[in-house]
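**Student:** With the hints as your guide, set chain Z onto chain R.
These protein sequence lines are chains R and Z, in that order. In terms of our numbering, the first sequence opens at residue 1 and continues consecutively. In terms of our numbering, the second sequence opens at residue 1001 and continues consecutively.
Since the hints were derived computationally from the structure, they do not count as laboratory data. Using N, Cα and C, we set each Cβ at its ideal position, and we do this for glycine too. Be aware that a few hints might be false.
As the list claims (entries may be wrong) - Sample of chain R residues with no beta-carbon within 10 Å of chain Z, all distances over it, derived: (1) GLU9; (2) VAL10; (3) PRO11.
Stated by the list, open to error - Short derived list, chain Z residues pointing at chain R, Cβ under 8 Å: (4) ASP1169; (5) MET1223; (6) ALA1303; (7) ARG1312.
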Amino acid sequence: MSRAEDKSEVPESFEERVERLEEIVEQLEEGEAPLEQSLLLFEEGIQLAKMCQVQLEEARERVQVLLEAAEDGTLAAESYEGAAED
Amino acid sequence: MVPGSQHRSLFDQPGGGPVDRGEAISTGEGIEGESGQILTVEQLNRIVRDLLSNEIGTVWVEGELSGIKYYRSGGWTRVYGTLKDAGAEARIVVWEETLSSLPFELEDGMNVVAQADVTLYPQKGQYQLVIRQVKPAGIGELELAFQQLKEKLEKEGLFAPERKKPLPDFPFYVGVVTSLQGAALQDFLDITGRRNPAVRILVAPARVQGEGAAQDITAALEMLQKVEGLDCVVVTRGGGSLEDLWPFNEELVARAIAACRLPVISAVGHEVDWTISDWVADCRVPTPSAAAELVAWPREDWALRIEEMRSRVVRLLAVRLNGLRERVEWFSRAHGFQRMRQRLREETQRLDEALRMLPVGLRHRMEVAGNHLREVRGRLSARISIDVERGSARLGQLQRTISALGPLAVLNRGYAIARRPDSGPVIRDTEELEQGDNLEVYLRKGMAEVRVEGTRPGFETRWDEDDDHVCEEREGK
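Bound conformation, chain R alone:
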């Protein structure tokens, strides 16, 4: 139980999520965890997979161009319209 609690915070990066998901599969494969913990692992695994799948969705504004506003040096980005046709 304490192990499950240690890992209770959801990992932020895709990499960490994939790693944790792999761990969960491994633990379930070993089949040694008590049923309650197996259910928690199951639930966590499904959640992680879902989060990864959301991350893998196509980016909405995939390409942007970075602009520097002249006066104060602040940065802005605008969507990329493709190369000039000349």
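**Tutor:** Frame of chain R, contents of chain Z only:
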């Protein structure tokens, strides 16, 4: 053609000093001859200097540099040294305006062709060459500059493997320094878009050749470092001549890349082109397309892998639950529970036997399993495959089996179970009892400790089958 070469005849004449002097005197006839005055050394040196300037002027000369010393005091740079060959040497001086136009540094042992003004340093009476232009002999000047800078940065440890930052395995946000008009950007975007549209690209525009390119690239790198969430930066341009690629060989750019807090991928030119940027970057790839393939990790592969892991999680749990269900069913069969619609007395009796046979805690776990299932199912989205549904159906079955078997089903309807204290046997017949016996009576909620005051034997409990909702449900499966 080398300008000033016509003056070489002056020095080609055999005999050295005295003959030169005689020549000089003959050309300067008017100065000395008329007045016959005695000159100061200073005056003489000035005369000699003017003579050298006027008569020889500017020449092209080839030789090896030695004793080169850079002086940087006073806020400006100049170089003193010697130009020599096997049999002779001449003092040289190089002023700042010449030095600043050189892409490389002057070094001892370097063979050069130099354009020089021949003059005299009056204070010492020594003739010297003021260098106007220097070119490396036998090697391109850009090539030389490249080698020099590479050596210099290497000495500083800027190329050391331990300085290299690891690239992220899964970049989701990538900065690109390149020209908006270049083919490099098009290639890069095409490939990243095809391989992994989940990766966002932020282009920091910069000229990548010619005047101002090095400054543009450096500024773009600095801007990108202010952007939140970037995983790495690609510095790229397509193929071109050595001159075209030159900004990526400049010290300014090299230092900007080295100082970048994000991992930098350098992808400049074609396969064969190596630039200083390539050496100093955390990773070098040969072309813009190769950079695209590097940062756009294969999304579909990972989507498959995650889906596979997800369904394995579901399957593994289903297998686990199925194992539990089989244990319950085995137990039921082994004890003759096939016919569930039986009389209360019989059911109660067998349930009690079941209670004793179940491992400690299992019954509780099954109830917990049921509760979790309801929660989990509530959260599962429609996308979750049929595997989950199948697993859930099994859990549901299991749960119904448990409640049908469990004493809760009975107790919930208001019945009680009486047993001897301390988990003793369940009482089914008053014949087993005597006055004064202590019993535990289990209700839906809690347990009562009671004492037998008396018994009335012969009364058979009746069971109304239609009332057995739970059993009906089980039958219907």
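**Student:** Quick check: which numbered hints come out false for this structure?
**Tutor:** none
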